[in-house]
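Asks: If you want the building blocks of each chain, they are given just below.
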Amino acid sequence: MTDRTVAIVIGAGHNGLVCATSLARAGMQVLCVEAGDVAGGMAAQHELAGGYRVPALAHVAYPVSAALRRELGLDKYGYAPGPSADTIMLDEQGRHLVLGSSGVSGPGLAASDETAYPAFRQQYLRYARILGKLFDNKPPALRSMPFTEKAALAGLGLKLRFGLGRTAMYEFLRVAGMNIFDVLNDVFTDDRLKAGIALDAVMGSAMGPRTPGTVLTWLQRLNGALNGPLSVQSGTQETLLPALVQAAEGAGVELRLNARVERILIENGCAAGVVLQDGQTIAAGLVVSGVDPRETFSRLVGARHLDAMFAHRVTQIRGKGVVAKLHLALSGQPGFSGLSDSQLGNRLVVAPSMRYMERAFNSSKYGECPEQPVLEITVPSWHNPSLAPANHHVMSVNVACIPCDLEGGWAGQREALARRVISLLGRYAPNLESLIVDHELLTPQDIEQRYGAVHGHWHHGELSMHQSFMLRPLHGASRYDTPVAGLFLCSAGCHPGGGLTGLPGRNAARRIIERRTAP
Amino acid sequence: MKIDPDHFRHALSRTPFHDRLAALSLAEEWMAWNTYKVARVIDSVPSEYFAARSACAVMDLTPMEKYRVRGTGARQFLDRLVTRDLSKLRAGRVTYVIWCNDDGKILDDGTLFQLGEDDYRLCSQHHQLDWLLISAADFDVQIDVETHDVAALAVQGPTSCKVLAAAGVEDLPRLKPFDVAALRCGDMPLTVSRTGYTGDLGYELWMDPQHAMAVWDAIFAVRGSYDVRPMGLSALEMLRIEAGFIMPGFDFNTAEATIRDGYDRSPYEAGLGWVVALDKGHFTGQSALRAEHAQPPKRQLTKIVIEGNKPAGQAFVYTGKNGKLCGEVKCTTWSPILKANLALADIEFRNGRLPPDLWVRIDYQRELKWHTTWARCQARSKPFYQPEHRSATPPEHGL
Amino acid sequence: MQDYDAVIIGAGHNGLTNAAFLARAGLRVLVVEKNDYIGGATVSRELHPGWKYSNCSYVCSLFRPEIYNALDLGRHGLQVIPLVSSMTFKQDGDFFGSYQNPHIRRRELMRHSPRDADAAVRFDTDVMRWCRLIRSMLLRTPPDPGSFRPRDALEFAYLLKKFHELSEKQLCEFIRFFTMPIAEYLENYFGNETILAHYSGGSIIGTGLGVYSPGTAYVLLHHAMGEVDGNIGAWGFARGGMGSVSRALASSFRAAGGEVRTGAEVMRIRVSGNRATGVELASGEIIRAGIVVSNLDARRTFTRIMDEQDVPPHLLRAATQFKIRGSSGKLNIALDSMPSFPALPDGSPLTLGHMHFTDTLTRLERAYDDWKEDRWSADPYCDTLIPSQYDPTLAPPGKHMMTVFVQYCPVEPEGGWTDEKRDRFGQTVINQIGEYSPDFRDLVRHVEIRTPRELENEVGLTEGNIFQGELTFDQLLFNRPFPGYAQYRGPVRGMYLCGSSTHPGGGVMGAPGANAAREILRDLHKPDTTPAEFSDD
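So the sequences go chain by chain: A, B and C. Read in order, the letters of the first sequence are residues 1 to 519 in this note's numbering. Read in order, the letters of the second sequence are residues 1 to 399 in this note's numbering. Read in order, the letters of the third sequence are residues 1 to 537 in this note's numbering.
Here chain A stands alone, though its shape is the one from the complex (with noise of 0.2 Å):
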């Protein structure tokens, strides 16, 4: 059975629905396959045994811009940013340190880093909207440049050199290219308000704090505040994706669910449509891939399609994986000691020092689990109670810095890290273990053949410098075109990168409508 159809998107994540909603908002029919059984990727719910549900992956975020609100009218379909949440970094001894969009506060904090921290919090925000301009259009073309991006690049330049002022500017130049442990450093002397700031640095990627290019990627989370503050799941995302999903409908986008994409049906060179797992071919002339573009090219087109050397390269990306992801049902509502109760629907971090991520962070590098991971907590039921059964709670926890190719593989070893992450919560929260009714481990391998992220990586390729703008995901294809005509990219893989964002979906429909008035 062959049907026609103009725009086929592959994968219903919310890149893919952005996506494929900016396209039907323009005019063309478009049809959205999803793999799974409900839509929203590594950003969906997901349940666990005896009615309790959990965020998928993220469970944590900012909200979306407004100009995708606007663009989307996803307001009007449900969309509200949640609840703000502060970020907490946990103490063994009960002096908590608390980090909010505004301030920091806590017992044995110096006054000078509580001075310090919202100049420097205002400071980056600075830049991290200066960048946000470049994450709101695709990278530019080096050499073949429009006169139109070459008049926004300059108009960027002269916004740096006089948005900024003179001295701004050059620090943002001194501090751009940094890892964030020399940065922190140099402002702050409180181990865990540094740590509090790193966290937001290396989290998802496959880097320490001492990594050159933290920085960056700490402007590019950053720039997610520019929105809004952080809130924990149970806001942003539940209504988030009905919202896309809604907006998707209302626009026309013909959402298939369990229609696993097997390959890429290519004619003389070009995309003509997509062959799913069960056989049926649909034919298309555009085909839009919201999926790891390491899977996309190397298995959804194949090599043979490719130019070798693009071929090559592809397989070059870097981006495994290094978050594990714990899931606990709860039989009562868990207790942190030094932390009431109303602070537990706040984002609960353990990593005490930079050094003790960085040293955790180690340990991944050569396939080994460390000793003492960076955990990244939230009790998504205490914002929505219905999650679980009445006065049970669920838990999600990012377990960070866990190789995604443990050295001896994982059979075995995924029970020993579950409860090694719960031992270690239970020194901050005494009477979690008693709690315990059910878990689940997520390992980056597990993560991967639940959600088709390449090596369990959040962000499809890892957010470094080398691997951003015109490099992301790799020349060739970092402006969501690609070799392949009528193939176009829509998943973080593509620029600006990871994040609940919808900014790559939002670009590649603003490129694809591009492509179809002036190729």
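Incorrect hints may appear among the rest.
Cβ-Cβ distance ranges computed for the label pairs, FRET-style [as the list claims (entries may be wrong)]:
hint, chain 1, residue 1, chain 2, residue 2, range
1, C, P312, A, A111, 21 to 29 Å
2, C, E308, A, G332, 53 to 61 Å
3, C, P312, A, E92, 37 to 45 Å
4, A, S102, C, P312, 26 to 34 Å
5, C, G416, A, S105, 29 to 37 Å
6, A, S105, C, Y37, 53 to 61 Å
7, B, Q142, A, T281, 29 to 37 Å
8, A, Y366, C, E412, 25 to 33 Å
9, B, A91, A, G285, 55 to 63 Å
Worth flagging that the hints you see were computed from the coordinates, not collected in a lab. On a predicted model such as this, the values are computed, not experimentally measured, just so you know. Idealized CB from N, CA, C, for every residue including glycine.
Starting from the known structure of chain A, arrange chains B and C on it as the hints suggest.
Replies: Same frame as chain A, now just chains B and C:
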């Protein structure tokens, strides 16, 4: 091939034919080719050249890079690798191929032998294993380097068929140009192809190195009846220019070794547009070549005949005497058989066409003193020398 | 009344280069040096009778031929002998050698990996392309991105033009190369573990980064870029040790009328009315000069020898925050005879070049992990050379001098350095070499062990960093040492920087000294005596 840790004691390895060549070498002029020691001149260039043009010349080809390509995906792999349409290639046939990088610039050229079903040998001038393996992803194919495990001889010239037959190679006359077959020389198995780099009748013999000496001896045993001479690379250079064959890495820079943007060449620019099949299935460089083909040509490696006899090795090409610079000579030879000054020149086109009235400015030495002269050039589209007997089957040319 | 037109603080090779070009422009120039000997880190000393050590820097790779030529250093006694090879010992008893002869080099690559041998062509081509690009920027002053002066605009235009010689794809490749970890960059070409480790090593020399740290691919260039007799990529040894470089520079400087005063430590740069007026020595003596040039690193210059009121606060902060990251140690060893290396066949030429003992990327990375924890590497990366094999001036006949550059060594181990810790550090290195040379330990007659502490105390290199500041992309070009101060000028008129803290950075290159001289002469409206680059177009 097993390499010992103390291989550094000899910068150049010896081919299986080396001892025989050394015994015959009067000139003792050796050179390096792919880490092997090979003869530049054995006796004298004219005698070696005329052996190939009038009788039979034998050259050691062993250092040529040889890759064995096998597997059910071999044909698809090769089709994706090379620019040429391979649909007519079948077992027992050989074809000339070139392959490009993603940008449609030439990496190398070579001969592709189909030895059997799903069994091919690719011979090339430059090191290609890395590129072949990069290209092999997604194909069910096995690629092995045979360079050092297969000895090779070129036997070229109008009497080459008779010489080989007299040396005991069976069943040779039935081979048509670009045929390849498994034959025997006495009790030694050989792969023989009717191919060569001289533009004349000729064969290339591929064998197990342990038979190399014996095959050589069998060939040179007929010297009482036939004129058979060993040939070095200097004479070959003259022969190949006469025949209009190009040499990537010498006539233009290969893409892999190109540092400066724009110094590499596409097949169209190298005058090899005829081996590019834009409309076959996908091959590496296809989109770049399509885009290039849609534009008027910018330059082309052009066969030119230069008036007079001054060696024009490093000459520039102009449009008009004292006119505008439009190109440079890449290789040149005096053709003893045509009594003409032949060259391949890289010439910039004007408005998509070869500029009219080509001249070269030649700086040449006489008794260590430099002179300058201008010579008019004629462009040629056909090979400079193409004897009819090169393609007759069975070869008929007598002594 | 001026005592001199210009006074240069520090007789390192860049200070001397700078001084020589100023003297050639007719200026009365004095170089003051705190030590009793000249050269800074470009020095050879006889610490054990009969043996001459190149105590700090040990090879000439980056010294600009333009400067060599312009200052006539050949006539002043400098001779750079090319280094012919490098090698890595493997733990399994084998070795990988990179030979000078191209045929042997290729065959050796084939011995380890036929595929990598072929990929080496692609690798060499690409690295050479980046070398050409960077090389064209070495003898130029970086533009100031915050300025709108025509000069800076022109300099930016020059950079753009250079980048425009690359295609779009090559530009992207360059940016990628510039920001990439060396290990990952090499994995684009090579697959053999030993080959990867062998080529990676050069990229961590002198840096506080590991082979998997972004930005290290570029450092490879800094070591591959040098040229000896026009061969890009070759390394060389100064005959007589590295001290010959400073001796030749000093000789050329004196021939142009300059003066050098040793044992004269500068306490501060005197400033009056926002203008440098001279220097004050530790002895209390004041030397008046309209031009003061510091060969010290940027942090030391702005925080130690300038009065706080003369340095704007943002500059002081930038100087304090300048990333220096000492990470290297050095052993100089007097040997009773040539040590044997059983892994090498008899007569192997590989002992003539660099010898390394780290054969996997993991070992290299773990060595870095130790440094991050403020420990010296338990299994360090050692760049070992025995230059006395071809330089008869370094050791008595039949005896040998070995120089071992060690990566990584912390600025300050936990609890600080003691002599005992220093000796244990040295022993770690000697043990590593001893594993590959059974007679080595018995041949050791004298060892000079240098940790960052010794490098800082003797030479004045802050944290003992050999580059006077980390050579990573965040501290290069107009960011070196800091944005807004990359044009060699200090915060007050008449005050300049000329050390490796400035563009184009470390290595015995001379380019910072020459570039600073060009800027000084421009400010004085004097004819430029510094050379333009030798283009290879």
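Asks: Take the hints in turn and mark each one as holding or not.
Replies: Evaluation of the provided hints:
1. The hinted window of 21 to 29 Å between C:P312 and A:A111 holds, with their beta carbons roughly 26 Å apart.
2. The supplied range of 53 to 61 Å is met by C:E308 and A:G332, whose beta-carbon atoms lie about 60 Å from each other.
3. One distance hint, 37 to 45 Å for the beta-carbon pair C:P312 and A:E92, holds here, with the actual separation near 43 Å.
4. Taking the beta carbon of each, A:S102 and C:P312 are about 31 Å apart, inside 26 to 34 Å as hinted.
5. For C:G416 paired with A:S105, a C-beta distance near 35 Å keeps the hint of 29 to 37 Å intact.
6. The hint said 53 to 61 Å for the Cβ distance between A:S105 and C:Y37, and at roughly 56 Å that hint holds.
7. For the pair B:Q142 and A:T281, the beta carbons lie near 32 Å from each other, so the given range of 29 to 37 Å is met.
8. Distance hint check: the CB atoms of A:Y366 and C:E412 are about 26 Å apart, consistent with the given range 25 to 33 Å.
9. Roughly 40 Å separates the CB atoms of B:A91 and A:G285, a value that falls outside the hinted 55 to 63 Å.
In terms of the numbered hints stated before, the structure departs from hint 9 and from no other.
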